[in-house]
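S.K.: Line by line, the protein sequences give chains A and B. What the first sequence shows, in this note's numbering, is residues 39 to 149, in sequence order. What the second sequence shows, in this note's numbering, is residues 13 to 127, in sequence order.
Incorrect hints may appear among the rest.
[To be verified] DEER-style ranges, computed between Cβ atoms:
#	chain 1	residue 1	chain 2	residue 2	range
1	A	Y135	B	E75	41 to 47 Å
2	A	A149	B	K76	24 to 30 Å
3	A	G79	B	E34	17 to 23 Å
4	B	K32	A	S120	32 to 38 Å
5	B	L125	A	N60	20 to 26 Å
6	A	A149	B	E64	45 to 51 Å
7	B	S66	A	A55	45 to 51 Å
8	B	S27	A	K94	31 to 37 Å
9	B	E64	A	P119	26 to 32 Å
10	B	S27	A	Q69	20 to 26 Å
Because the hints were derived from the structure by calculation, they are not lab data. Positions of the beta carbon are idealized from the N, C-alpha and C atoms, including for glycine.
These are the residues of each chain, in order.
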Amino acid sequence: QKEVEQNSGPLSVPEGAIASLNCTYSDRGSQSFFWYRQYSGKSPELIMFIYSNGDKEDGRFTAQLNKASQYVSLLIRDSQPSDSATYLCAVNLANDYKLSFGAGTTVTVRA
Amino acid sequence: GAVVSQHPSRVICKSGTSVKIECRSLDFQATTMFWYRQFPKQSLMLMATSNEGSKATYEQGVEKDKFLINHASLTLSTLTVTSAHPEDSSFYICSARGSGRETQYFGPGTRLLVL
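This is chain A alone, in the form it adopts within the complex:
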């Protein structure tokens, strides 16, 4: 079982719609959870991090964490063509500063 799994893409959504990205992780002791965005040919950039159960909102992005279900998600509201990218879920394993990355979900926002 992979440490971090993301729903397979690609995910295509119309402009203005909500894009929903899912991620599950295997280590129940994981403490910190991150969403990175990676444009083609570029390095990842941090969108959000979340540590506690519940929702965390930042602009058009909302991260949701459910530690009991070992599940973290990212919602992108009012999707824009500029949101078209690969989104990487990353988990900080317990007692370790290393990040374990999912394979990524590619999102395409149709104008």
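Since the structure of chain A is already known, use the hints to place chain B on it.
M.R.: This is chain B only, laid out in the frame that chain A set:
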């Protein structure tokens, strides 16, 4: 804040030569730096973890004698690809985290092409 730079952004070299890539944290002190490699359409693969003033910790399957890492200061880590071969051609990305922080901030990456 939390800006990480890499140099060079792109390098082309002949097979058998060595290439050095620099990673700098510009506005914070990086307790730990990480080196990743990413092949086309694949996710990031962690190569090694580098702590200032100590030896790097390499992931399984990564040759420490081929990928030399030096973390001489709290703002600079270098990765040297020794005796590069075409199969080493990849996108090399560093990241850095500050003391007490778990968040990693990524550099812009270095695209290496070995002919």
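S.K.: What are the numbers of the hints the structure violates, in ascending order?
M.R.: Numbers 1, 2, 5, 8, 9 and 10 - these are the hints that the structure violates, sorted from lowest upward.
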